[in-house]
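Visitor: Here is what each chain is made of, one letter per residue.
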Amino acid sequence: MGTPETARTNTASAKLVLEHVSKWFKTSSLNVHALDDVTLRIPEGEFVCLVGPSGCGKSTLLNIIAGLDRTDQGLIQDDGQPIAGPGPHRLVMFQEAALFPWLTVLGNVLFGLKLSNGLNAAERREKAEYFLELVGLKRFMHSNVHELSGGMKQRVALARALAPNPSLLLMDEPFGALDALTREQLYGDIQRIWSQHRKTIVFVTHNVREAVCLGDRVILFSPHPGRIREEFAIPLPRPRDINSVDLARYATEITRVLKGYVQSEVPG
Amino acid sequence: MIARWLAASLFFMALIAAWHFAVQARIWSPLLLPSPLSVFDYLRAAAQDGTLWEAMLVTLQRLLIGYGLGILTGIPIGLLTASSRWSQDTIGVLALGLQTLPSVCWVPLALLWFGQTEAAMLFVVVMGTVWSLIIATDSGVRTIPPIYTRAARSMGSTGLHMWTHVIVPASLPFLLSGMKQGWAFAWRSLMAAEIFVTILTGFGLGHLLHYGRELNAMDQVIGVMFVIVFIGLAVDKTLFAPCERFLHRRWGTEHR
Numbered sequence: 001m002g003t004p005e006t007a008r009t010n011t012a013s014a015k016l017v018l019e020h021v022s023k024w025f026k027t028s029s030l031n032v033h034a035l036d037d038v039t040l041r042i043p044e045g046e047f048v049c050l051v052g053p054s055g056c057g058k059s060t061l062l063n064i065i066a067g068l069d070r071t072d073q074g075l076i077q078d079d080g081q082p083i084a085g086p087g088p089h090r091l092v093m094f095q096e097a098a099l100f101p102w103l104t105v106l107g108n109v110l111f112g113l114k115l116s117n118g119l120n121a122a123e124r125r126e127k128a129e130y131f132l133e134l135v136g137l138k139r140f141m142h143s144n145v146h147e148l149s150g151g152m153k154q155r156v157a158l159a160r161a162l163a164p165n166p167s168l169l170l171m172d173e174p175f176g177a178l179d180a181l182t183r184e185q186l187y188g189d190i191q192r193i194w195s196q197h198r199k200t201i202v203f204v205t206h207n208v209r210e211a212v213c214l215g216d217r218v219i220l221f222s223p224h225p226g227r228i229r230e231e232f233a234i235p236l237p238r239p240r241d242i243n244s245v246d247l248a249r250y251a252t253e254i255t256r257v258l259k260g261y262v263q264s265e266v267p268g
Numbered sequence: 001m002i003a004r005w006l007a008a009s010l011f012f013m014a015l016i017a018a019w020h021f022a023v024q025a026r027i028w029s030p031l032l033l034p035s036p037l038s039v040f041d042y043l044r045a046a047a048q049d050g051t052l053w054e055a056m057l058v059t060l061q062r063l064l065i066g067y068g069l070g071i072l073t074g075i076p077i078g079l080l081t082a083s084s085r086w087s088q089d090t091i092g093v094l095a096l097g098l099q100t101l102p103s104v105c106w107v108p109l110a111l112l113w114f115g116q117t118e119a120a121m122l123f124v125v126v127m128g129t130v131w132s133l134i135i136a137t138d139s140g141v142r143t144i145p146p147i148y149t150r151a152a153r154s155m156g157s158t159g160l161h162m163w164t165h166v167i168v169p170a171s172l173p174f175l176l177s178g179m180k181q182g183w184a185f186a187w188r189s190l191m192a193a194e195i196f197v198t199i200l201t202g203f204g205l206g207h208l209l210h211y212g213r214e215l216n217a218m219d220q221v222i223g224v225m226f227v228i229v230f231i232g233l234a235v236d237k238t239l240f241a242p243c244e245r246f247l248h249r250r251w252g253t254e255h256r
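Read top to bottom, the protein sequences are chains V and W.
Numbering-wise (my numbering), the first sequence opens with residue 1 and increments by one.
Numbering-wise (my numbering), the second sequence opens with residue 1 and increments by one.
By construction, these hints were calculated from the structure, which means they are not laboratory data.
A portion of the hints provided could be inaccurate.
Said to hold, decoys possible - Cβ-Cβ distance ranges computed for the label pairs, FRET-style:
hint: 1; chain 1: W; residue 1: Ser9; chain 2: V; residue 2: Glu147; range: 47 to 53 angstroms
hint: 2; chain 1: W; residue 1: Thr149; chain 2: V; residue 2: Glu147; range: 37 to 43 angstroms
hint: 3; chain 1: V; residue 1: Gln263; chain 2: W; residue 2: Thr253; range: 31 to 37 angstroms
hint: 4; chain 1: W; residue 1: Glu54; chain 2: V; residue 2: Gly118; range: 52 to 58 angstroms
hint: 5; chain 1: W; residue 1: Ser84; chain 2: V; residue 2: Glu147; range: 54 to 60 angstroms
hint: 6; chain 1: V; residue 1: Arg198; chain 2: W; residue 2: Trp163; range: 52 to 58 angstroms
hint: 7; chain 1: V; residue 1: Ala180; chain 2: W; residue 2: Phe12; range: 29 to 35 angstroms
hint: 8; chain 1: W; residue 1: Thr149; chain 2: V; residue 2: Ala180; range: 27 to 33 angstroms
hint: 9; chain 1: W; residue 1: Pro76; chain 2: V; residue 2: Thr252; range: 29 to 35 angstroms
hint: 10; chain 1: W; residue 1: Thr73; chain 2: V; residue 2: Glu147; range: 56 to 62 angstroms
hint: 11; chain 1: W; residue 1: Leu96; chain 2: V; residue 2: Pro239; range: 37 to 43 angstroms
hint: 12; chain 1: V; residue 1: Ser28; chain 2: W; residue 2: Val229; range: 36 to 42 angstroms
hint: 13; chain 1: V; residue 1: Asp246; chain 2: W; residue 2: Thr164; range: 50 to 56 angstroms
hint: 14; chain 1: W; residue 1: Trp86; chain 2: V; residue 2: Pro237; range: 42 to 48 angstroms
Remember, it's a predicted structure, so these values are computed and weren't measured experimentally.
Glycine included, every Cβ here is placed at the ideal spot set by N, Cα and C.
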């Protein structure tokens with residue numbers, strides 16, 4: 001373990017392909033090079049974690065994959081199609097509570113469903129209830145959003161993102177604002193749901209342990225400009241426990257490598 | 001709940017009692033300060049002969065039409081100014097400026113343009129309402145957390161759907177307080193218009209008030225003022241308060 005792996009070579013079946021993706025953010029006073037020549041292939045059904053310190057462009061990359069942002073250079077394809085904008089095939093789960101306070105829990109889950117496909121009202125309702133059941137919140141479906149705890153809100157957000165059956169689930173530090181105990185529960189939930197539904201997941205985090213706990217592959221980013229440094233395959237059996245010793249060993253190694261890049265970038 | 005009702009009724013009874021004793025003490029001439037009883041007598045007489053109901057009907061009709069027009073134009077224009085910098089720099093600035101103009105200032109213009117007609121009344125009410133509604137809508141839309149629109153966009157919401165399903169509902173608390181403020185402004189504007197403009201098509205509460213002064217009938221003046229206050233309170237309690245309660249429950253912004 002610990003040896004950097006070269007990118008997987010199953011190009012033919014890659015679900016998501018990024019080639020030489022670069023992105024700059026220009027303001028009147030600043031020109032930030034957010035992403036530099038990022039090349040990444042993600043096969044169908046893989047759980048990939050993007051890890052790095054803040055400012056490494058991992059969230060920017062997620063937004064580009066979501067179609068919420070454009071690349072300045074490079075190619076990006078989902079199922080062989082260039083990504084031109086957002087859509088219900090690639091859904092995002094955000095860090096902050098992005099649930100709509102004017103809708104009930106059920107209304108929030110139905111929001112994406114109504115936009116996605118030609119289901120009728122009864123089918124949409126059935127789907128929404130199924131996914132709320134999956135995240136263990138069916139009995140709260142008529143609750144208002146503010147009545148839920150932080151962990152419950154993120155569960156609803158997960159149900160909302162899963163319900164339209166996206167082929168790609170994008171998660172932008174979704175558990176960042178939660179307490180440790182709640183987070184551990186959600187690691188369990190997300191692994192269970194992933195093993196049942198086998199979505200392709202791109203998961204952004206700055207928490208190395210979290211990445212090792214969830215990902216098939218952990219991709220390490222370094223900042224200024226944001227670029228991929230190394231990637232690590234995590235062949236640990238599932239379900240994984242965040243507190244296990246094996247997992248800690250991977251996390252320690254990745255953290256050590258990460259520190260090397262951060263320190264070499266910013267002397268002093 | 002009962003305790004609150006009790007406290008409120010005691011308070012108002014005490015106010016009326018204080019008024020009554022002030023009249024009894026004969027500090028001011030009864031011509032200037034009529035007794036509560038004579039005000040009540042006036043109201044009863046005016047209710048019995050129908051003048052009060054008729055005036056209320058005329059006024060409320062003008063108010064509803066004017067306020068409705070104000071909402072129908074103000075909210076869409078507010079949404080427009082919030083949606084582009086260009087419209088904010090033009091219409092937005094215009095609205096901000098005209099909002100500072102007391103609505104009674106529109107009366108001379110309304111008279112010159114429309115004469116002594118219903119249109120003059122409505123014009124003053126709309127001008128008194130629409131600018132504050134534009135500004136409230138605009139600032140409501142601008143304070144929506146961007147995460148809502150981003151989340152909606154990621155789910156495929158665009159254009160009209162985004163406006164009707166995300167932006168307008170997300171700014172509902174602001175829209176409601178804007179509409180409440182607009183209602184208060186509409187009331188003020190209409191009373192100003194009715195007091196200053198005599199027209200033959202309808203005799204409203206403002207006219208009743210005005211003629212009370214002309215006839216030195218202070219009981220009528222104060223009685224009509226009571227009616228105006230009462231209508232304002234009633235609308236607030238029956239129309240706006242339930243909406244506010246609903247929004248507070250949904251958003252979790254309840255405060256006791």
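Visitor: Do the Cβ positions of Ser84 of chain W and Glu147 of chain V conform to the proposed distance bound of 54 to 60 angstroms?
Guide: violated (37 angstroms)
Visitor: Taking 42 to 48 angstroms as the stated bounds, is the beta-carbon spacing between Trp86 of chain W and Pro237 of chain V within them?
Guide: violated (59 angstroms)
Visitor: In this structure, is the beta-carbon distance linking Thr149 of chain W and Glu147 of chain V contained in 37 to 43 angstroms?
Guide: Since Thr149 of chain W and Glu147 of chain V have Cβ atoms about 24 angstroms apart, the given range 37 to 43 angstroms is violated.
Visitor: Within 52 to 58 angstroms: is that where the Cβ-Cβ distance between Arg198 of chain V and Trp163 of chain W falls?
Guide: At 36 angstroms between Cβs, range violated.
Visitor: Between Ser9 of chain W and Glu147 of chain V, does the C-beta distance stay in 47 to 53 angstroms?
Guide: violated (35 angstroms)
Visitor: Taking 52 to 58 angstroms as the hint, is the beta-carbon distance of Glu54 of chain W and Gly118 of chain V inside that range?
Guide: For Gly118 of chain V against Glu54 of chain W, whose Cβ atoms are near 56 angstroms apart, the range 52 to 58 angstroms holds.
Visitor: Given the hint of 36 to 42 angstroms, is the C-beta distance from Ser28 of chain V to Val229 of chain W inside that range or not?
Guide: violated (54 angstroms)
Visitor: For the pair Leu96 of chain W and Pro239 of chain V, does the Cβ-Cβ distance stay inside 37 to 43 angstroms?
Guide: The hinted range 37 to 43 angstroms is violated for Leu96 of chain W and Pro239 of chain V, with Cβ atoms some 58 angstroms apart.
Visitor: Range hint 29 to 35 angstroms: satisfied by the CB atoms of Ala180 of chain V and Phe12 of chain W?
Guide: About 56 angstroms separates the Cβ atoms of Ala180 of chain V and Phe12 of chain W, which means 29 to 35 angstroms is violated.
Visitor: Given the hint of 31 to 37 angstroms, is the C-beta distance from Gln263 of chain V to Thr253 of chain W inside that range or not?
Guide: violated (46 angstroms)
Visitor: Okay, Thr73 of chain W versus Glu147 of chain V on CB: inside 56 to 62 angstroms?
Guide: Between Thr73 of chain W and Glu147 of chain V, where Cβ atoms are some 37 angstroms apart, the hint is violated.
Visitor: Falls inside 27 to 33 angstroms, the C-beta gap from Thr149 of chain W to Ala180 of chain V?
Guide: Holds, since Thr149 of chain W and Ala180 of chain V (Cβ atoms, about 31 angstroms apart) stay within the stated range.
In summary, the structure is inconsistent with hints 1, 2, 3, 5, 6, 7, 9, 10, 11, 12, 14 from the numbered list given earlier, while agreeing with the others.
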